[in-house]
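Below are the chains, spelled out letter by letter.
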Amino acid sequence: MAQRVGAGDGPLNTPAWLRWMWVVPAVFLVALLGVPITTVLQRSFDVGNSFEIAPQLSIAFSAAGQALLSTFLAVCIGLPIAGVLSTYSFKGRALTQAIITVPFVLPTVVIALAFRELLGSILVPGLLLVVIAHTYINLAVIVRIVGATWQQLDPRTVIVARSLGASPFRAFMTVTFPQLRASLASAASVVFIFCFTSLGVVLVLGDSSTRTLESQILRETSLLLDFPTAAITAILQLAMVSFVLLLGARASLKRTAKGAILRFSSLSPWASPSQRRYVLFIATTACLIVLIPLLSLAYGSLHSSQGWTLEWWSSLTSVDSGTTRLGSPLGAIATSFKYALITGVIAGTVGACAAVGVLTHRLGRAVALIALAPLGVSAATLGLGLMLAFGRPPLDLRGSDLLLPIAHSIVAVPLVIAVVLPTLLTTDRRFAIAASSLGASLTRAFLTAYGPILRIVMIAAAGLAACVSLGEFGAASFLTRSGAPTVPVQIIRLLQRPGEQSFGVACALAMVLVLGTIALVAAIDALGNRKRTR
Amino acid sequence: MNQGIELRELRVGYESTLLTVNMHLRDEITVILGPSGCGKSTLLSTILGSVPALGGSLVLNDVDITKAPIHERRIGMVFQDPLLFSHLTVIQNVMYGLRRAGVSKGLATQKAGELLEWVGLQGFQSRSVQELSGGQAQRVALARALAPEPAVLLLDEPYSALDSQLRTRLATEVAELLRSRNVVALHVTHDELEARSITSEIFRVDHASLSRVAT
Chain A
1 MAQRVGAGDG PLNTPAWLRW MWVVPAVFLV ALLGVPITTV LQRSFDVGNS FEIAPQLSIA
61 FSAAGQALLS TFLAVCIGLP IAGVLSTYSF KGRALTQAII TVPFVLPTVV IALAFRELLG
121 SILVPGLLLV VIAHTYINLA VIVRIVGATW QQLDPRTVIV ARSLGASPFR AFMTVTFPQL
181 RASLASAASV VFIFCFTSLG VVLVLGDSST RTLESQILRE TSLLLDFPTA AITAILQLAM
241 VSFVLLLGAR ASLKRTAKGA ILRFSSLSPW ASPSQRRYVL FIATTACLIV LIPLLSLAYG
301 SLHSSQGWTL EWWSSLTSVD SGTTRLGSPL GAIATSFKYA LITGVIAGTV GACAAVGVLT
361 HRLGRAVALI ALAPLGVSAA TLGLGLMLAF GRPPLDLRGS DLLLPIAHSI VAVPLVIAVV
421 LPTLLTTDRR FAIAASSLGA SLTRAFLTAY GPILRIVMIA AAGLAACVSL GEFGAASFLT
481 RSGAPTVPVQ IIRLLQRPGE QSFGVACALA MVLVLGTIAL VAAIDALGNR KRTR
Chain B
1 MNQGIELREL RVGYESTLLT VNMHLRDEIT VILGPSGCGK STLLSTILGS VPALGGSLVL
61 NDVDITKAPI HERRIGMVFQ DPLLFSHLTV IQNVMYGLRR AGVSKGLATQ KAGELLEWVG
121 LQGFQSRSVQ ELSGGQAQRV ALARALAPEP AVLLLDEPYS ALDSQLRTRL ATEVAELLRS
181 RNVVALHVTH DELEARSITS EIFRVDHASL SRVAT
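For the record, the sequence lines run as chains A and B.
Each residue of the first sequence is one higher than the one before, starting from 1 at the first, in full-length UniProt numbering.
Each residue of the second sequence is one higher than the one before, starting from 1 at the first, in full-length UniProt numbering.
Source of the hints: derived by calculation from the structure; they are not laboratory data.
Just so you know, these numbers come straight off a predicted model, no measurement behind them.
We put the CB at the ideal spot given by N, CA and C, even for glycine.
Every clue listed holds true.
A few chain A residues facing chain B, derived, Cβ under 8 angstroms:
| # | residue |
| --- | --- |
| 1 | D154 |
| 2 | S167 |
| 3 | P178 |
| 4 | Q179 |
If you anchor each label on the Cβ, the simulated ranges turn out as follows:
| # | chain 1 | residue 1 | chain 2 | residue 2 | range |
| --- | --- | --- | --- | --- | --- |
| 5 | B | G37 | A | S121 | 57 to 63 angstroms |
| 6 | A | F281 | B | G134 | 36 to 42 angstroms |
| 7 | A | L288 | B | G102 | 38 to 44 angstroms |
| 8 | B | R127 | A | A366 | 31 to 37 angstroms |
| 9 | B | Q165 | A | R444 | 30 to 36 angstroms |
| 10 | B | R212 | A | L288 | 51 to 57 angstroms |
| 11 | B | R127 | A | L288 | 45 to 51 angstroms |
| 12 | B | G56 | A | L128 | 49 to 55 angstroms |
| 13 | B | A68 | A | R250 | 39 to 45 angstroms |
| 14 | A | P168 | B | G120 | 30 to 36 angstroms |
| 15 | B | R196 | A | R444 | 38 to 44 angstroms |
Construct the complete structure from the given sequences, taking the supplied hints into account.
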């Protein structure tokens, strides 16, 4: 009898050490997420009798509406871009892919400022500006997560559908889309949560109608100093986010259509003139959408009231640049990249262990679901929790270089799982069975079936985690060491100070982050492509 | 009226592998024989419309379809792999082309059932395509390709993944089935034994063109 294609049901027949993979993320989450959050709740869970939930619920519903709209737009714009980048090979493809990823890794406050600079004279702060900025930031999530699955679909299935009379749109809807549904659900739930818990964009581009629970938590902790109410708000946010995550995870665990036809596809160099025009149009539009706001930043880094200048760039090495005395901007750049590297290693390892755990042990699914929880925890709450739990004896990590990368890893692990898990679930397990039948040990059989794809998606996911670290601000604002700020923290500190020099140096720093990110993502892509062709 | 499909000075391939083909297919099964990389599959892809022709023209029943989109050509294709739609059941796969042609669900179900019976898979209607063996999957792919009654059927080494005994048996069996339906078919293979089990109309790729094999 023929074997099933796809992951099959139940855990794989694997060696004992692989069956315990779920323990790694479980310990990581309990120690580094559970303990800090419990500490925060213990400190602040003392709400008075006069507390009312209605204002929080009102904010939650308006934030959900904003997040739905942002997610819908990100999917509508991101899907065609993912399709073009995953299906066709063309000159500049790697660069386009890198450019698309940039907004996701930039500090949200920087993007918000760029849009305020770009559209501030046309649009007043409010829902539209917030939605535009959220769509811009989250395009990369759709393109990367959905594109990773799309690239593995056999393009010949679409040709078969076309030969059976389906128009291009019909072929997409009836053949491609069903196979993308799982990763799309996974990506859309991630985008929704990012928009629902947004802070920087809402603070800079929003008005009173676009508040999120995250901005409310910040308001309650920093302005009103009302920790008990902030705790209740955080719990409400956690409950709503958990619900969305469960919906997304449920769809994702259903797999990319049972046993979808997957392969390591080579990108198609073939294209009719109309296809070529379509590819050119989508790639160019995607780059323009991303680059125009960034160009306004570049303009800011090269322009002063006196005209064109290189002064802001030459000030990067100066300790007193932009009048801040917290170390040189160059030092901040080094710190950010060091933390990004550590985050990539930690989050890549923990996330991959969680994904492998789903394949190898029944408890793995539960752990993978719980590992998505950090998406629902406010970054500021997380930073505060880590500082309270591990910032003083008996375990004081403030002096080490680990505290902030740990926070960034907690934030990035859900993304790593979202990238790695759907791919592993749709890998044909029969390769492992075939290898075993040829005399391979259980370890060798697993590595034969899953090793090559795991290596590729781990590199991609670790790169994404590193990018998250580069742009993260919420937790960094709590955990960054005063003499060694990260680039986003340094930028915010500069922007909080008046003066043209502060703004100019902040723009130059932001541009360094933009260029560094493009280089990082292009390098990851090149490495992934090289491994794939082996 | 000139029935069948004509390949008039059709130039296909890549820069390194160019093939110029003159051929008229009607009421018969024709086989093209040649080693891997000689351009056989690219020729089929060009006829199907997924790869643009570099020159010449393609005429189907007196209509120039050289630049027509794939879904308007009425040309079916069976690939090396069955490429069944994994999210659909066996019968839904066979119904796919009929539904795209606007056939009602009831009639499509009936026709698809008949086709499955014709390829010897009665009782497989509601099965998942993952439950099929290689030979069964290829039969479903054949039924699916024939369901919308294409003017021409292209077969791109459809049995290469099967063992040699099954390959020859299935090739003969399918050829008989196609003849019984008067289907115009172009079959490419690298296996001379398989080619001879199908038809006497055999061409070999030879110096960037096709030459008839003496039988």
